[in-house]
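**Student:** The chain contents come next:
4 protein chains.
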Amino acid sequence: MSPASRYTYLGPEGTFTEAALRSLPEAATRELVPMVSVAAALDAVRGGDAGGALVPIENSVEGGITATLDELAVGEPLMIYREVLLPIAFALLVRPGTALGDVKTVTGHPAAQVQVRKWMAEHLPDALWESAASNADGARLVQEGRFDGAFAGEFAAPTYGLEPLATDIHDAQNATTRFVLVGRPARLAAPTGADKTSAVFWLRDDHPGALLELLQEFAIRGVNLMRIESRPTGEGLGRYCFSVDAEGHLTDRRVGEALMGLRRRCLNVRFLGSYPRADEVAARVARGTTDEEFTNAADWLNRALDGRA
Amino acid sequence: MSPASRYTYLGPEGTFTEAALRSLPEAATRELVPMVSVAAALDAVRGGDAGGALVPIENSVEGGITATLDELAVGEPLMIYREVLLPIAFALLVRPGTALGDVKTVTGHPAAQVQVRKWMAEHLPDALWESAASNADGARLVQEGRFDGAFAGEFAAPTYGLEPLATDIHDAQNATTRFVLVGRPARLAAPTGADKTSAVFWLRDDHPGALLELLQEFAIRGVNLMRIESRPTGEGLGRYCFSVDAEGHLTDRRVGEALMGLRRRCLNVRFLGSYPRADEVAARVARGTTDEEFTNAADWLNRALDGRA
Amino acid sequence: MSPASRYTYLGPEGTFTEAALRSLPEAATRELVPMVSVAAALDAVRGGDAGGALVPIENSVEGGITATLDELAVGEPLMIYREVLLPIAFALLVRPGTALGDVKTVTGHPAAQVQVRKWMAEHLPDALWESAASNADGARLVQEGRFDGAFAGEFAAPTYGLEPLATDIHDAQNATTRFVLVGRPARLAAPTGADKTSAVFWLRDDHPGALLELLQEFAIRGVNLMRIESRPTGEGLGRYCFSVDAEGHLTDRRVGEALMGLRRRCLNVRFLGSYPRADEVAARVARGTTDEEFTNAADWLNRALDGRA
Amino acid sequence: MSPASRYTYLGPEGTFTEAALRSLPEAATRELVPMVSVAAALDAVRGGDAGGALVPIENSVEGGITATLDELAVGEPLMIYREVLLPIAFALLVRPGTALGDVKTVTGHPAAQVQVRKWMAEHLPDALWESAASNADGARLVQEGRFDGAFAGEFAAPTYGLEPLATDIHDAQNATTRFVLVGRPARLAAPTGADKTSAVFWLRDDHPGALLELLQEFAIRGVNLMRIESRPTGEGLGRYCFSVDAEGHLTDRRVGEALMGLRRRCLNVRFLGSYPRADEVAARVARGTTDEEFTNAADWLNRALDGRA
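Chains as they are written, first to last, in UniProt numbering: chain E, 1 to 309; chain C, 1 to 309; chain H, 1 to 309; chain D, 1 to 309.
Bound-form chain E, shown alone:
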């Protein structure tokens, strides 16, 4: 297969990231390559060894995946093309023949422990937990006989010759992880009407109110922010950049003008892509901010300059 038809992802095999990637129709025709880190998955794309990379970016329990946010903010520019939402639900995977009463030791990623705590208190109050490097690694350790059970995605069971003893385990309701499919920048696809735009902003100086002004550039043009996270710039405490998702597509006039406003006002802006919202909720467009109203206003300005307004 050509590099373009290869997709990397945050591995190892059997992780939620792989499951998210496989939920994309095009995954069926791609070579899917697990990588040891978000950085490695993205660098393969940057280096031309892969056409895309699927990485987690946000989790409704743990928050932003800082490795992904920081990797996208610096280095060779990349662009987000798709997002995938995956409900968080664990299965307890065991070797065939194991009964619940046999499970004395369990493993999984530390983030999994947070999600299965209540379930364990009820069903496995005496089991000992030891963390693994990933949920898939935990499954492998059960396969190797080092633990009796592993909390992982149910989809990981066949890979490691295990069976799910319980499924749909998650302490938090609505717990969801959001993944993004990242590639090298290219001409933007047309808007679908239910789009999202991601970008990173470095405020020009550290003056009080700089973040307020950033938000006003969006607000005054009726652009709703869906996510905003501050990340350190690495230049010392108190120095941040802001990673945001905004409703709408860069070709929407209100979004384009807001980003141009920020481009003028900020030290730097990095555009990370406009792509379809996984929830397919159409953008709310406030009165005065439709493309038609932008066009009419531009026509009016031209007439005014011409003495015909």
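These aren't lab readings, by the way, just hints derived from the structure by calculation.
Predicted, not measured: the structure shown is a model, and the values here were computed from it.
For every residue, glycine included, the Cβ atom is placed at its ideal position computed from N, Cα and C.
A partial selection of chain H residues facing chain D, derived with a Cβ cut-off under 10 Å: (1) 251; (2) 256; (3) 271; (4) 288; (5) 304.
Using C-beta positions, here's what the derived DEER-type ranges look like: (6) 308(H) / 40(D): 21 to 29 Å; (7) 209(C) / 117(H): 32 to 40 Å; (8) 100(E) / 236(D): 28 to 36 Å; (9) 31(H) / 133(C): 29 to 37 Å; (10) 114(C) / 291(D): 37 to 45 Å; (11) 100(E) / 126(D): 47 to 55 Å; (12) 37(E) / 306(C): 27 to 35 Å.
Listed next, the stretches of chain D that the computed footprint assigns to chain E, with coverage defined by at least 3 CB atoms under 8 Å from CB atoms of chain E: (13) 50-63; (14) 174-187; (15) 228-237.
Given chain E's structure and the hints, the job is docking chains C, H and D onto it.
**Tutor:** For chains C, H and D alone, coordinates are given in the frame of chain E:
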């Protein structure tokens, strides 16, 4: 002379308006026609009987000249081409041979009375004041012998065969009247770098905060407002439009985008012209709002759409 | 009668101001004294010669009554205790026996002319108009035989021995004049739930955005502005103070905190009173700005300071 | 020792957290107890087993320490009493007698790897890295002979019988970790003039602009925000709370009023303490927001209510 070479002004002859008009170099080659009202002066322009009209628009003591503000806001559109500032200073005009001790009765426009009160208390404590329809009318009444003195512009003296007995009379410091030269709309002249833009805004609805949003459209683009006045729309108490002067020229990108923003947000916007500031103070352009920065941001947007940002 | 039981008003007798004053129940027990000017009416209150003064403050066609706005803004402080709304409607007053066909000349205040123009075009297309100093003066001139008809309030007819030949004449729909009853400052009456607060603000310096900040002090606390007018401070063009009416009463926590915010931020604030709204519309109180929420927040702060939040 | 004289910290011994804790003068008289997690360190305080806990809250390279932010935001309330800043600088710790040329394998916490990458490329280009659970754990593994060198704080050397072969290693300039000393809530100590206030806000609803309004409550009162981080509430993607540090002390009127404003506007506010800034930079207090101006404004309001403003 052709109508285009005729300038009307708020008469009668000998008013401050005539003096302001004569301060314009081009006045020397125009036919100057006094009119009985601001409406009449402007209607002559609208009807094609005059190429321009000079009318007062603002006074640092009395405030906005509502007749002018309201006439410009409705009816056939007109455009401001020039502004003229005239310090307010009165002369006491008398018939030749009159001494200060002879002045028992004085007249003038009611607005003049406010400006000469302190001077009269000191120099003519016993003189009786009776108002005239205009300062020039007052001078005429002195000429006719009905009063001993008239407070008017010194320039009115020769017209009425009078002599100034005292000059530079004005209670308020820095008292100034601002006049505008109005014509039919035409293609805008190029900016001078020290320009002013006038417009009227009708807010879309009467929701709390609508005025705040109007001001934010200017503020977020670094456009300073030099004057803002609310005027009733005539639709009942609590319904206003806003007449403003902003720093800068409609061809300045920050000004154009602010006015387009208002055009989208408002029920109606009437552009009243971009013209040189009489005080020749160059616009302060905040960081992030220069034409170059607007152009760079537009270039950046195009590159982003193209996958090359 | 004692001075306290005397009310002055902008005269002469027969004006709309007198009609507005007589609409107040307490007017029946007061001595009503017409004065030649707003300043004279207010000075009588300041000097202790009258307990109150009724003066016009705003007109839905003409705008703010600048004499009143400016008189209230400077000099010995006064306070507004009541407001009165009076629909603008003119009657054509004639001497008994005059028919419409007999009316060749008419008079009235210049402001009246604006309001009866359309009616005259239809019913008296050939009549000549000449302005009078007030509507009441016009009625007097008809009584004296100098004009055939006067446009004035219908209530002026008996005073001048005239009869209304037509009534309810007004070109603008909803045309209304607003009057205020002004007295010397005293302890505020309790809120009615449908109150209005008036004040004047002098911005601390002339920095861009100062007006925006003023509006934000109100907006952030959910206080709706019903009227805002800029008035020159007299210190030169471009120097303004702002006269506002806000929804609510100074004892409403949201209003009190907003005015304290402005007191801190402004060069000067003059409180002009909290008084019942003539339209009796109850204040809209946004979530988070009720008195109870203010009290709860203060309790919370005290607990936090005490380590018990 | 009594529980009150016991301080827990994020262990194990030899971590940067221990070093930060020992930099506090009072640490000399406390029993210092390492705990396996931030949660465990804080729970000891909540449960009364310790008088205080020192935990990392922010790192200029990695960002907010989410375990700490989330633990402080929910559960039994705690309060921050002190902050400690510690520059990030690693030493390469080896067994006595080891020379640089002998170092073939190294270890440390994954976060350390990021900070020593450039140094290793220069000085140990061929050494193999394997991560340890903490920097202190890495030192222990070197003591046990499993690795040749560990990157850890220089202060960890004596604990594990090691020697520093190189010190002050850090790729990023100004890299700093910020720690907070947390205890049970108590009456606030007096301000020092260089204070910081921490709090968490849950916006009342997810309406566009809610964050903007939050920032305005601070901005309008001149309170500068030093840190703002969004954290998921756990109720699903797109639902955030905001953790902030503001300049000033809760007893500063501007800070207290801002927090009351947020208490009214937000679903919930959790106050996390006002405490001295480690950098001892005095608060910038904008004109109009000093305690004296707040007091004067309150006096003015009382006079206004009383008719004496």
